[in-house]
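Chains as they are written, first to last, in our numbering: chain A, 1 to 299; chain B, 300 to 697; chain C, 698 to 881.
Where hints are given, some of them may not hold.
[Said to hold, decoys possible] Negatives, chain C to chain B, calculated, CB over 12 Å: (1) T716; (2) A718; (3) K730; (4) F737; (5) P746; (6) R752; (7) R761; (8) D782; (9) M792; (10) K821; (11) R853.
[Claimed, not checked] No more than 30 Å apart at the CA atoms, straight line, and that leaves these computed lysine-lysine pairs for DSS-like: (12) A:K171 x A:K93; (13) B:K587 x A:K171; (14) C:K800 x B:K304; (15) A:K285 x B:K495; (16) B:K304 x C:K807; (17) B:K485 x B:K541; (18) B:K452 x B:K495; (19) A:K13 x A:K96; (20) C:K828 x A:K229; (21) B:K587 x C:K805; (22) B:K483 x C:K877; (23) B:K452 x B:K541; (24) C:K730 x B:K587; (25) C:K811 x B:K304; (26) C:K828 x B:K546; (27) B:K586 x B:K546; (28) B:K541 x C:K788; (29) B:K610 x B:K586; (30) C:K828 x C:K788.
Treat the hints as calculated values from the structure; they're not laboratory data.
Each residue gets a CB set at the ideal place from its N, CA and C atoms; glycine is no exception.
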Amino acid sequence: MPSKPISIKDFPKDEFMVKGHTACPGCGMAIAVRQALKILGKNTVLAIPAGCIAGGSTTGPFPLSGFALPTVYCSFDETAAFLAGIETALKVKGLKEKFNVVGIAGDGGTADIGLQCLSGAVERGHKIIYICYDNEAYMNTGIQRSGTTPYGAWTTTTPVGSLRMFKQEPKKDMPQIMIAHKIPYVATASPAFPSDLAGKIKRAMEIGGPAYIHIHTPCPTGWRFPPEKTIEVARLAVLSGMWILYEVENGVFKLNVKISKRKPVKEYLSIQGRFRHLTAEDLEKIQKEVDENCKRVGM
Amino acid sequence: METEKLTFTGNESAALGAKLARVEVVATYPITPQSTIVENLSRFIANGELKAEIINAESEHAAISICIGASLSGARTFTATASQGLVLMHEMLHWAAGARTPIVMAVTNRALCVPWSLHADFQDAISQRDTGWIQFYCENNQEVLDTIIQAYKISEDKRVLLPSMVSLEGFILTHTVERVDVPKQKDVDEFLPPYKNEFFYIDPENPLAENVVVLPDWYMEYRYQQEVAMQNAKEVIDKVSKEYFDKIGRNWGGLIEAYMMEDAEVAVVTMGTIAGTARVAVREMRKKSGKKVGLIKVRCFRPFPVEEFKKFSSLKALAVIDRSYSFGCGGPLCTEVKSAFYNTEEKPLILGVVAGLGGRDVNVGDIINVLEKTIEVSKTGKVERETIWLNLKGEQLR
Amino acid sequence: MTYFRQLILFGRGGMGVVTAAEILAEAVAQEGKYGQSLPFFGMERRGAPVRSFVRISSEPIWVRSEVTEPDYVIVVDQSLLTLLDVTRGLKTDGMLIVNSSEKPQILKEKLQLKFRVATVNATKIALEEIKVPIASTAMLGAFAKVTNEISLESIRKAVLTRLSGEIGQKNIRAIERAYKEVLF
Chain A
1 MPSKPISIKD FPKDEFMVKG HTACPGCGMA IAVRQALKIL GKNTVLAIPA
51 GCIAGGSTTG PFPLSGFALP TVYCSFDETA AFLAGIETAL KVKGLKEKFN
101 VVGIAGDGGT ADIGLQCLSG AVERGHKIIY ICYDNEAYMN TGIQRSGTTP
151 YGAWTTTTPV GSLRMFKQEP KKDMPQIMIA HKIPYVATAS PAFPSDLAGK
201 IKRAMEIGGP AYIHIHTPCP TGWRFPPEKT IEVARLAVLS GMWILYEVEN
251 GVFKLNVKIS KRKPVKEYLS IQGRFRHLTA EDLEKIQKEV DENCKRVGM
Chain B
300 METEKLTFTG NESAALGAKL ARVEVVATYP ITPQSTIVEN LSRFIANGEL
350 KAEIINAESE HAAISICIGA SLSGARTFTA TASQGLVLMH EMLHWAAGAR
400 TPIVMAVTNR ALCVPWSLHA DFQDAISQRD TGWIQFYCEN NQEVLDTIIQ
450 AYKISEDKRV LLPSMVSLEG FILTHTVERV DVPKQKDVDE FLPPYKNEFF
500 YIDPENPLAE NVVVLPDWYM EYRYQQEVAM QNAKEVIDKV SKEYFDKIGR
550 NWGGLIEAYM MEDAEVAVVT MGTIAGTARV AVREMRKKSG KKVGLIKVRC
600 FRPFPVEEFK KFSSLKALAV IDRSYSFGCG GPLCTEVKSA FYNTEEKPLI
650 LGVVAGLGGR DVNVGDIINV LEKTIEVSKT GKVERETIWL NLKGEQLR
Chain C
698 MTYFRQLILF GRGGMGVVTA AEILAEAVAQ EGKYGQSLPF FGMERRGAPV
748 RSFVRISSEP IWVRSEVTEP DYVIVVDQSL LTLLDVTRGL KTDGMLIVNS
798 SEKPQILKEK LQLKFRVATV NATKIALEEI KVPIASTAML GAFAKVTNEI
848 SLESIRKAVL TRLSGEIGQK NIRAIERAYK EVLF
């Protein structure tokens, strides 16, 4: 039974990512996490590792924290392990039914340093909800490439220079890796489609877990676009087919947002300074790959 | 006409040191405050200024493992990390030293969780003191650049063959800009020849196996060899300092630097940037009140400068300022200084001071207070409290 | 006699405070003296208050602690004047240089400041010359004129070691304008 979109007017009024946090103006992650936490609600325990969500916005300085929820700012490499520990202890105490056990980690903390424990925790079937916010690089430490940095992107560790060393490797497909673990629920989301995102969070809560939700969160600072264009960029990613919104529940695939007339990838890429150096040939390569991906999912 | 840049951050200085040393393989993982070292190296490579491969590893544990693989295969290898990243490498730090790989690592010192801190202290590097790595602690950006170059010469020396870590405090050095003289590549090439791995190498005609199981009958001899290498390092460090001075023109001392110690009766012992601030304190105290105070800067913590300290056994009193702590025991530097004097006939009274944890500021006034307290101890002949935690809220320096 | 001056620059993350402090340290080095700039960060990326400490000396600078008794304080974001105690430790004959559209005397009275005050509308200059409101570098021009501690030519040279090409030239123009337009 796939997710049902939740209309924005029906979103709960409570806020759990509080005002006064220090994310950059226009931060895509802050928008998406705020939406997700409204749906998750008060009975949620959070494990939050290093990254923009912690060091860049909510942790401290002492005595402040940016979440109105029980939170452990866990070690960078073990988010899913912390979740597994919390979930198991609640289970042992007979309290698991009461709480959502949720991790919110960036792409680096998920696809790179956090991959081992995520694989382990979901394989063991812990009833956790793991949310990855993907700004496609290590942004909090100053824009270094990660496993999910897309082909063609400039970052400080894939600089352009005379040797054109922008990222050559393809984007690591985390949702597919999670699907290969045969877990009950995997979904992709975007802050530009809040009803879809909210419906998916709700579905993950209903299923219990392990559930994996991968949110595409544009970053004005690292992607190099004006901060007021975050939602526009997020929407263009979906409208061009570069980010596909789908869910897989117990192996059954559903395409949530079908774009009949896709915008050319150039429109999405040219709005971002991190792709400024791409040649017509590079763009053609990207367009071809997107066309193939979309065809494969029936779009 | 292009203006030559004269000032550099500590991180730029570390990257320049690695570039001049012609490193061949770099494997790192991002962590504040190290990130600009890697950005600079990436930029050098992208511009063709440095011929090296840079691997953006999936974690620090992976990064150091990649470095070990590369070093064993004959490449001059470099990495940089801090804090949680360094302690995540811990398992492999022992491995690298046991495997005798001459890796050089820049550690941009940062305090450890919990609580979470981004600011400087030495807990990260100091807590690795048993791993078998040579350890340097730098006072300023010039020393960082020079020490990284020297570290390769020391580590790759046949009598040593041990990895080195070069510490520079987070933000205080990493992001601080000051004048740094960048040596010419030609001069560094003459000082530092290319790396040639003679103990483990890949050769199908002569296949070798690294890290086979060793039973109790031979394990101790391996460990003893490592200790001999550490002891040899003392002589090599002194020699390399002199060679660097001859070639490039700067000498940071060997294992320690004694500042105004010729007629000192009381001294402060410390490492890193606090040593710089201590110099000013010593100079001011001498100027204002003529008190005979001095500074012993520990530049190299491993191997520990035991013989150098024994030479100061006739001092009346010492204060040792640690920017780290060993819980349930005392400041690591203080504990080791005390140990150096244990068997000497005369020995100074020693006061332990813990300061600057989590980046707390340590200024000239603080060090003057510490020296005044040490002078008091030298007069009363008694150390009432073994360790003082400096400037703790709610407590005064008694 | 050692020549020694200390400054604190106050601004917000993303305003170029750290870069401006680095440029000043470089300019000092270009004049054959010793400059040091130490940034002080919280953890946030943009918008949070940021300080940079700068020392200028005729001899090598060994001390590396925070500056607590500055000779000069430069405030790049006027809102910080009411938010933080930017004048704490400022020497009695010290100088406060503020990015503001108001005249020094008016600002002094409004905020009851006991120090000498200079003002320049660096944000307006930056918007006109650099096309972004990054006012920190312009403040260096005001600093040079008001204090005579550094020459405009050294600042120009220093800018070009950090900001190349067009961006460098635009910043230099902003600095030169602030040099002319500062009121004190």
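Hints, one by one, checked against the model:
1. Here C:T716 does not stay apart from chain B, with its beta-carbon only about 10 Å from theirs, under the 12 Å limit.
2. Not every CB of chain B lies more than 12 Å from the CB of C:A718, the least distance being 8 Å, so the non-interface label is violated.
3. At roughly 9 Å from the closest C-beta of chain B, the C-beta of C:K730 falls inside 12 Å, breaking its exclusion from the interface.
4. With a least CB separation of 7 Å from chain B, C:F737 falls inside the 12 Å interface cut-off, contrary to its annotation.
5. Under the 12 Å C-beta cut-off, the non-interface status given to C:P746 relative to chain B holds; the minimum distance is some 15 Å.
6. Its closest Cβ contact with chain B, about 9 Å, brings C:R752 to no more than 12 Å, contrary to its assignment away from the interface.
7. Against the 12 Å criterion, C:R761 falls within the reach of chain B, whose nearest CB is about 4 Å from its own CB.
8. No Cβ of chain B approaches the Cβ of C:D782 within 12 Å, the least distance being about 16 Å, so the stated non-interface status holds.
9. Against the 12 Å criterion, C:M792 stays outside the reach of chain B, whose nearest CB is about 23 Å from its own CB.
10. No Cβ of chain B approaches the Cβ of C:K821 within 12 Å, the least distance being about 28 Å, so the stated non-interface status holds.
11. A beta-carbon of chain B comes within 12 Å of the beta-carbon of C:R853; the shortest separation is about 9 Å.
12. Taken as a hint, the A:K171 and A:K93 pair is broken in the structure, with Cα atoms around 41 Å apart against an allowance of 30 Å.
13. Note on B:K587 and A:K171: the hinted pairing is violated, with a Cα-Cα distance of about 64 Å set against a maximum of 30 Å.
14. With a C-alpha separation of about 36 Å, the suggested pairing of C:K800 with B:K304 is violated against the 30 Å cut-off.
15. Restraint check for A:K285 and B:K495: not satisfied, since their Cα atoms lie roughly 43 Å apart, outside the 30 Å limit.
16. Restraint check for B:K304 and C:K807: not satisfied, since their Cα atoms lie roughly 42 Å apart, outside the 30 Å limit.
17. Restraint check: the Cα-Cα separation between B:K485 and B:K541 comes to about 18 Å, which is no more than 30 Å; the hinted pair holds.
18. For the suggested pair B:K452 and B:K495, the alpha carbons sit about 12 Å apart, so the restraint of at most 30 Å is met.
19. Note on A:K13 and A:K96: the hinted pairing holds, with a Cα-Cα distance of about 25 Å set against a maximum of 30 Å.
20. Pair hint C:K828 plus A:K229 holds up; C-alpha atoms about 19 Å apart against a cutoff of 30 Å.
21. Restraint check: the Cα-Cα separation between B:K587 and C:K805 comes to about 38 Å, which exceeds 30 Å; the hinted pair is violated.
22. Restraint check for B:K483 and C:K877: not satisfied, since their Cα atoms lie roughly 40 Å apart, outside the 30 Å limit.
23. Only pairs whose Cα atoms come within 30 Å are accepted, and B:K452 paired with B:K541 is accepted, the gap being roughly 12 Å.
24. A hinted pair counts as satisfied when its Cα atoms are at most 30 Å apart, and C:K730 with B:K587 qualifies at roughly 26 Å.
25. Distance check on the hinted pair: C:K811 and B:K304 sit about 38 Å apart at the alpha-carbon level, beyond 30 Å; violated.
26. This hinted pair does not check out: C:K828 and B:K546 have alpha carbons roughly 48 Å apart, beyond 30 Å.
27. At roughly 35 Å between alpha-carbon atoms, B:K586 and B:K546 are farther apart than 30 Å, so this suggested pair is violated.
28. With a C-alpha separation of about 44 Å, the suggested pairing of B:K541 with C:K788 is violated against the 30 Å cut-off.
29. Only pairs whose Cα atoms come within 30 Å are accepted, and B:K610 paired with B:K586 is accepted, the gap being roughly 26 Å.
30. Distance restraint check for C:K828 and C:K788: the Cα-Cα separation of roughly 35 Å exceeds the 30 Å cut-off, and the hinted pair is therefore not satisfied.
The earlier numbered hints that this structure contradicts are 1, 2, 3, 4, 6, 7, 11, 12, 13, 14, 15, 16, 21, 22, 25, 26, 27, 28 and 30.
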